[in-house]
Amino acid sequence: MTSGVEQHISQPYKYGWSTEVESDVVPVGLNEAIIQLISEKKGEPEWLLQWRLNAFRNWLKLKEPTWANVRYEPVDYQAIHYYAAPKKPKKLESLSEVDPKVLETFSKLGIPLEEQKRLAGVAVDAVFDSVSVATTFKEKLAEHGVIFLPFSEAVREHPELVRKYLGSVVPATDNFFAALNSAVFTDGSFVYVPEGVRCPMELSTYFRINAASTGQFERTLIVAEEGAYVSYLEGCSAPMRDENQLHAAVVELVALRDAEIKYSTVQNWYPGDEDGKGGIYNFVTKRGDCRGENSKISWTQVETGSAITWKYPSCLLTGDNSIGEFYSVAVTNNHQQADTGTKMIHIGKNTKSTIVSKGVSAGKSQNTYRGQVKIMKNAQGARNFSQCDSMLIGDKCGAHTFPYIDVRNSSAIMEHEATTSKIGEDQIFYCQQRGLSAEDAVSMIVNGFCKEVFRELPMEFAVEAQNLLGISLEGSVG
Amino acid sequence: MTKALDVKDKYVSDFEAFSANGESGVPQWLQALRNEAIERFSSVGFPTTRDERWRFTSVARVAETKFALANGERPSIPTAEVRQHVLECGSEQVLVFINGRYSEELSSTGGVPEGVIACGLRQVTGSGLETVEHHLGKYARMTDNPFTALSTAFMADGAFLYVPSDTILGDPIQLLFLTASGGRPVVTHPRNLICLERGAAASVIESHVGLVDDMYWTNCVTEAVVRDNARLHLYRVQRESEQANHTATTQSYQSRDSNVALTTVELGSALSRHDINAVLDGEGAECSLYGLTQIQGSQHVDHHTTIEHAQPHCSSWEFFNGIYDEKARGVFTGRIVVHPGAQRTDSKQTNNNLLLSEGARADSQPQLEIYADDVKCTHGATLGPIDDKALFYLQTRGIDAEVARNLLTYGFGVEILNKIAVAELRERLDQLVHARLDDGAARRRAKNQC
Chain A
1 MTSGVEQHIS
11 QPYKYGWSTE
21 VESDVVPVGL
31 NEAIIQLISE
41 KKGEPEWLLQ
51 WRLNAFRNWL
61 KLKEPTWANV
71 RYEPVDYQAI
81 HYYAAPKKPK
91 KLESLSEVDP
101 KVLETFSKLG
111 IPLEEQKRLA
121 GVAVDAVFDS
131 VSVATTFKEK
141 LAEHGVIFLP
151 FSEAVREHPE
161 LVRKYLGSVV
171 PATDNFFAAL
181 NSAVFTDGSF
191 VYVPEGVRCP
201 MELSTYFRIN
211 AASTGQFERT
221 LIVAEEGAYV
231 SYLEGCSAPM
241 RDENQLHAAV
251 VELVALRDAE
261 IKYSTVQNWY
271 PGDEDGKGGI
281 YNFVTKRGDC
291 RGENSKISWT
301 QVETGSAITW
311 KYPSCLLTGD
321 NSIGEFYSVA
331 VTNNHQQADT
341 GTKMIHIGKN
351 TKSTIVSKGV
361 SAGKSQNTYR
371 GQVKIMKNAQ
381 GARNFSQCDS
391 MLIGDKCGAH
401 TFPYIDVRNS
411 SAIMEHEATT
421 SKIGEDQIFY
431 CQQRGLSAED
441 AVSMIVNGFC
451 KEVFRELPME
461 FAVEAQNLLG
471 ISLEGSVG
Chain B
1 MTKALDVKDK
11 YVSDFEAFSA
21 NGESGVPQWL
31 QALRNEAIER
41 FSSVGFPTTR
51 DERWRFTSVA
61 RVAETKFALA
71 NGERPSIPTA
81 EVRQHVLECG
91 SEQVLVFING
101 RYSEELSSTG
111 GVPEGVIACG
121 LRQVTGSGLE
131 TVEHHLGKYA
141 RMTDNPFTAL
151 STAFMADGAF
161 LYVPSDTILG
171 DPIQLLFLTA
181 SGGRPVVTHP
191 RNLICLERGA
201 AASVIESHVG
211 LVDDMYWTNC
221 VTEAVVRDNA
231 RLHLYRVQRE
241 SEQANHTATT
251 QSYQSRDSNV
261 ALTTVELGSA
271 LSRHDINAVL
281 DGEGAECSLY
291 GLTQIQGSQH
301 VDHHTTIEHA
311 QPHCSSWEFF
321 NGIYDEKARG
331 VFTGRIVVHP
341 GAQRTDSKQT
351 NNNLLLSEGA
361 RADSQPQLEI
371 YADDVKCTHG
381 ATLGPIDDKA
391 LFYLQTRGID
401 AEVARNLLTY
411 GFGVEILNKI
421 AVAELRERLD
431 QLVHARLDDG
441 AARRRAKNQC
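These protein sequences, in sequence, are chains A and B.
Going by my numbering, the first sequence opens with residue 1, and the numbers climb by one from there.
Going by my numbering, the second sequence opens with residue 1, and the numbers climb by one from there.
Please keep in mind that the hints were generated in silico from the structure rather than gathered at the bench.
Computed from a prediction, not measured in an experiment: that's the story for all the values here.
Among the hints, erroneous ones may be present.
SDA-like, lysine to any residue: derived pairs with alpha carbons at most 25 Å apart [stated by the list, open to error]:
hint: 1; chain 1: B; residue 1: 389; chain 2: B; residue 2: 378
hint: 2; chain 1: A; residue 1: 374; chain 2: B; residue 2: 53
hint: 3; chain 1: A; residue 1: 343; chain 2: B; residue 2: 55
Where chain A lies over chain B, by a calculated footprint (3+ residues, C-beta under 8 Å) [said to hold, decoys possible]:
hint: 4; region: 265–275
hint: 5; region: 345–358
hint: 6; region: 375–386
Examples of chain A residues lying across from chain B (beta carbon under 10 Å, computed) [stated by the list, open to error]:
hint: 7; residue: 62
hint: 8; residue: 137
hint: 9; residue: 321
hint: 10; residue: 375
hint: 11; residue: 390
hint: 12; residue: 394
hint: 13; residue: 395
hint: 14; residue: 402
hint: 15; residue: 403
hint: 16; residue: 406
hint: 17; residue: 408
hint: 18; residue: 415
hint: 19; residue: 416
hint: 20; residue: 418
hint: 21; residue: 421
No residue lacks a Cβ here, since even glycine has one placed at the ideal position from N, Cα and C.
Generate the whole structure from the sequences, applying the supplied hints.
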């Protein structure tokens with residue numbers, strides 16, 4: 001297997017966006033013919049096509065969910081190009097051509113100059129070649145037998161693995177957006193960590209440069225075999241502008257016996273302008289299955305972008321003694337709406353889950369925590385701790401908490417706490433007295449409020465996330 | 001489903017008969033209100049578990065049974081049997097209702113002070129008393145709950161209490177609802193209206209007692225209007241038959257600097273759903289809700305509370321404790337809504353649940369909806385079994401395991417009972433809870449011996 005990976009890595013990149021430019025636009029709309037066309041273009045095997053078609057037929061029967069505490073203009077699903085090769089970004093000659101506002105954000109985030117160029121789409125100097133960096137990483141991964149591929153390549157290289165696990169956590173019929181994704185997903189990541197292997201580095205979409213552009217319908221599948229460990233970072237703290245308004249991704253995690261998966265997300269997609277125009281609809285289904293005994297799945301997310309967020313990373317605690325964790329910071333400003341939270345389903349014995357959610361609302365935004373803790377009949381000795389805190393900045397925003405607690409086993413212990421409060425005026429005053437500006441004071445206080453979650457992020461991400469918070473809340477005081 | 005539709009149609013045709021004979025002599029405003037309500041009910045029908053607000057409580061038991069209106073049936077009940085449910089304090093201000101209808105001979109209103117009106121609702125709806133027309137059906141929203149719509153459509157009798165300005169009632173007013181179904185499934189729709197004018201103060205005890213162990217259905221709505229500076233203590237004890245169904249809405253509406261404290265104790269009925277809605281619509285208003293549920297067998301109790309903070313500087317406290325034994329199931333939904341502009345809101349909500357056996361189940365949904373920034377809102381929920389360590393500690397002191405369990409369980413429940421300011425009521429409930437816990441222990445012992 002290892003050699004297969006190596007071989008793949010050493011060969012020039014053949015299948016990416018770049019080779020399929022211009023001619024590859026399928027007509028607007030969604031029907032079986034379009035799905036067949038997508039599948040054909042990607043050279044997929046018959047079983048995957050059937051899987052997609054099945055998902056599509058189910059999608060037709062499903063209704064778009066309306067229970068979330070968000071309001072948006074209805075999406076016309078027949079007016080979308082479901083497979084359009086992205087336009088080749090216009091190469092800029094130097095940073096001076098980049099929007100100065102974007103540059104300002106970069107420097108606030110503390111992104112190195114060369115990295116700024118890459119993100120802004122400026123031609124990269126020969127000295128700093130991120131491709132070569134990525135290649136070094138890939139070699140190291142291959143050494144350990146870790147498979148880390150774009151999804152469509154994984155389908156070709158490791159069909160047996162993909163077929164075994166695809167849809168086993170989020171079935172194609174799971175919900176409206178998951179079904180849509182299953183029918184039309186274009187790409188994403190596939191990670192497979194073999195038995196007993198501790199992945200030598202943090203995996204990140206950031207380094208998966210051959211498929212770095214965020215797909216509209218992304219599909220991620222991570223499998224950790226017995227005793228394996230992997231930490232995966234998704235997204236980027238740099239602002240992402242995208243022409244596609246609707247994003248419906250699906251993430252599936254499978255942790256077998258004694259395995260551990262740590263999944264961190266920083267999401268900062270375009271939230272729309274100050275008046276709430278534009279912005280991305282982010283409707284994501286993320287779910288992890290702690291299938292084996294003593295397995296562990298940990299979700300950490302920092303959500304600052306998107307006009308609308310509909311996202312509930314969940315854990316199915318199937319194996320005995322398995323552990324699920326959810327750490328979240330959701331920041332909304334201006335007209336953003338976020339309805340996010342988690343589901344912890346305790347199925348096995350002595351399963352444990354922890355939920356720490358911090359919501360910060362500012363401007364005219366609405367921020368909702370919605371979570372479910374379900375302890376099934378056979379989950380003897382299950383334990384849950386949930387804490388949801390909300391902070392309000394300004395009097396036109398809203399913060400809401402909707403936890404659902406369902407306990408069917410009397411030996412289970414669960415606790416839930418939630419608080420909502422205003423940012424302390426006396427705290428801001430104290431900071432100002434010490435010479436900090438009101439904005440810096442708010443940023444500092446909010447960072448302190450979110451500290452429990454940031455602690456869970458990988459080091460370099462944590463620093464960026466803190467800066468990101470400050471930027472997201474800009475203009476929310478005074 | 002079709003069965004439920006059948007039953008729905010039955011109530012609609014029942015309504016036609018009901019408004020045509022006997023109830024036809026009512027004032028026009030009341031008839032209009034009823035018509036609107038039945039229209040509402042016939043358009044929505046009974047809720048199902050697909051309804052978000054009814055997700056954890058199936059009312060199929062109610063929706064699929066054809067209950068007959070308990071109209072005009074007056075089983076003769078000996079005065080002695082009635083009196084045993086009456087507290088000594090304020091025994092001269094008791095309103096007794098048999099199968100939802102006010103019974104003048106069993107009630108005693110001699111102790112009601114001058115100016116205070118305490119009587120059957122039926123006596124005042126036709127009397128032209130403006131207070132009734134002004135308030136009845138204005139607070140409990142029939143659009144929120146099909147059962148409220150049904151109650152409004154069929155409202156005929158219940159308690160009416162009016163306390164004029166600056167009048168303070170020392171002893172509690174007791175409202176006693178007794179049901180004796182007489183062998184066939186009947187439904188009663190008691191409808192109560194409580195009005196406290198400026199600066200008035202009163203405590204009211206609303207008890208629902210089943211006299212026979214039968215299947216029947218009580219669908220009760222209580223509306224309370226509490227004006228500026230007034231204080232209302234409302235106690236509600238639900239001891240229906242363990243076959244019975246109980247659906248209820250308690251709706252309060254508060255003005256400036258008023259205070260409402262509601263303590264509800266749920267012990268009876270097979271299926272009970274109690275919606276408590278409190279609206280704080282005046283600065284400085286305070287509201288506290290306390291609830292204790294102690295159930296066993298396959299009983300099901302659902303509390304659905306909504307506190308609306310519509311004005312600034314209001315406070316609310318909410319404590320609900322549930323004790324579930326055997327296959328009992330408890331549901332709690334606590335919504336706190338802070339409207340835009342309701343600054344300086346202070347709200348605290350706690351829901352604790354004790355699961356005493358394998359088959360017991362509890363669901364808890366605390367919800368905060370906040371549209372103002374200068375607020376302090378918290379909620380907390382816990383679910384779990386009796387603490388093993390505490391149990392062990394008591395056993396090491398020579399206390400039998402069952403007794404120790406009951407001691408700890410009682411200690412959990414007494415937090416709520418301690419909120420009751422009427423000593424006699426508290427004592428009686430204390431005894432009841434103890435007796436029920438002892439029963440449970442006896443059953444467990446017997447089971448262990450087999």
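Comparing the hints with the structure gives:
Only pairs whose Cα atoms come within 25 Å are accepted, and residue 389 of chain B paired with residue 378 of chain B is rejected, the gap being roughly 29 Å. At most 25 Å may separate the alpha-carbon atoms for a hinted pair to count; residue 374 of chain A and residue 53 of chain B meet this at roughly 18 Å. Between the alpha carbons of residue 343 of chain A and residue 55 of chain B the distance comes to roughly 17 Å, so the proposed pair stays at or under 25 Å and holds. Residue count for the region 265–275 of chain B with a Cβ under 8 Å from a Cβ of chain A: 0. That is fewer than the three needed, and the coverage hint is violated.
Beta-carbon proximity to chain A at under 8 Å applies to 5 residues in the region 345–358 of chain B; the threshold of 3 is reached and the given coverage holds. Judged by the Cβ-Cβ criterion of 8 Å, the region 375–386 of chain B is covered by chain A as claimed, because 11 of its residues qualify and three suffice. With 10 Å as the threshold, the beta carbon of residue 62 of chain A stays out of range of chain B, its nearest partner Cβ sitting at about 15 Å, so the hint is violated. At about 45 Å, the closest approach between the beta carbon of residue 137 of chain A and any beta carbon in chain B exceeds 10 Å, and the interface hint on this residue is violated.
Interface hint status for residue 321 of chain A: violated, as the beta-carbon distance to the closest one in chain B is roughly 19 Å, over 10 Å. Interface hint status for residue 375 of chain A: upheld, as the beta-carbon distance to the closest one in chain B is roughly 8 Å, under 10 Å. Proximity of residue 390 of chain A to chain B holds as hinted, the smallest CB-CB distance being about 7 Å (cut-off 10 Å). Given hint, residue 394 of chain A at the interface with chain B, holds; its Cβ is 6 Å from that chain's nearest Cβ, closer than 10 Å.
Hint status for residue 395 of chain A relative to chain B: holds, with the closest Cβ pair at about 4 Å, below 10 Å. Hint status for residue 402 of chain A relative to chain B: holds, with the closest Cβ pair at about 5 Å, below 10 Å. Residue-level restraint check for residue 403 of chain A holds (minimum Cβ-Cβ distance to chain B is 6 Å; threshold 10 Å). At its closest, the beta carbon of residue 406 of chain A sits 5 Å from a beta carbon of chain B; the interface hint therefore holds under the 10 Å criterion.
Here the hint on residue 408 of chain A is kept, as its CB sits about 5 Å from the closest CB of chain B, short of 10 Å. A hinted interface residue such as residue 415 of chain A counts as satisfied when its beta carbon comes closer than 10 Å to some beta carbon of chain B; here the least separation is about 5 Å, so the hint holds. With its C-beta approaching chain B no nearer than about 4 Å, residue 416 of chain A sits inside the 10 Å limit, and its interface hint holds. With its C-beta approaching chain B no nearer than about 5 Å, residue 418 of chain A sits inside the 10 Å limit, and its interface hint holds.
Checking residue 421 of chain A against chain B: minimum C-beta separation of about 6 Å stays under 10 Å; hint holds.
Taken one by one, the earlier hints fail for this structure at numbers 1, 4, 7, 8, 9, listed in ascending order.
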